[in-house]
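Q: Sequence:
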Amino acid sequence: MSVPEKTARRSLAEIVFDRMERAIKSGSYRPDEKLPTEYDLAAEFEVSRPVIRDALRRLRERGLIYSRQGAGSFVRSAGLRRPLGFGALENVADLLSCYEFRLTLEPAAAQCAAERHDAASLAEIAVALDKMRDATNRATHREDADFQFHLAIARASENTYFATAMEALQDHIAAGMRFHGASVKREAQGLERVLEEHRCLFEAIRAGDGTGAQALMHVHLTGSRERLFERRKPSANADINS
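The sequence shown lines up with residues 0 to 241 when you count with numbering that gives the first Met the number 0.
No lab work stands behind these hints: they were computed from the structure.
Derived Cβ-Cβ restraints for the label pairs, each shown as a range: (1) ARG59 with GLU186: 36 to 46 Å; (2) GLU195 with GLU32: 44 to 54 Å; (3) GLU202 with ALA173: 17 to 27 Å.
All residues carry an ideal CB built from backbone N, CA and C; glycine is no exception.
All chains should be built: construct the whole structure from the sequences, respecting the hints.
A: Here it is as structure tokens:
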């Protein structure tokens, strides 16, 4: 379970959080079971205690654990199921509906992220942007990094409802990103243009420009939807896997 120490501290906390989240949701811990101490978790993951504290903070923010004064951290029973549930993405109409929802959700999250982010949450967005830049330099698209960029913005909003909705929609959003990535790869400078859209969004958030971040996210998502569906010109009931 060792985590490479050469990874940045923020990334270490993210890795520990992801592993503990999977353990909780898979039932490795029972409802109201006490988690190991920070010292024991640090030894288990071979990281520092500040990294463990950061991961535990994330778990509390997601509603997966709770703390008792002087007693430690415990698994919240509600954390054993997803707080939101969406049916499988079945056709293009579903994908269009997902974009419609994202156009309401993500511009607001971007505005809040610009106004509320801290150095750590901004660094998480920057890490995802760097992964997208590396992929673009190799003339490819990483939908995982793309999703992490958008999720990191939702987390930086300091509103757990934004992040929870994004996490519950991950499979739906990833499907759109996969099709969109394939589409822009066929365009001259398509990947570079999309990367620039993400970079400008990051800069607006870093500058604390809430209005600008909101507008840029709306333009980005609208452009993504138009590029994807103009290219495909699908029937609304077409199977999403066709």
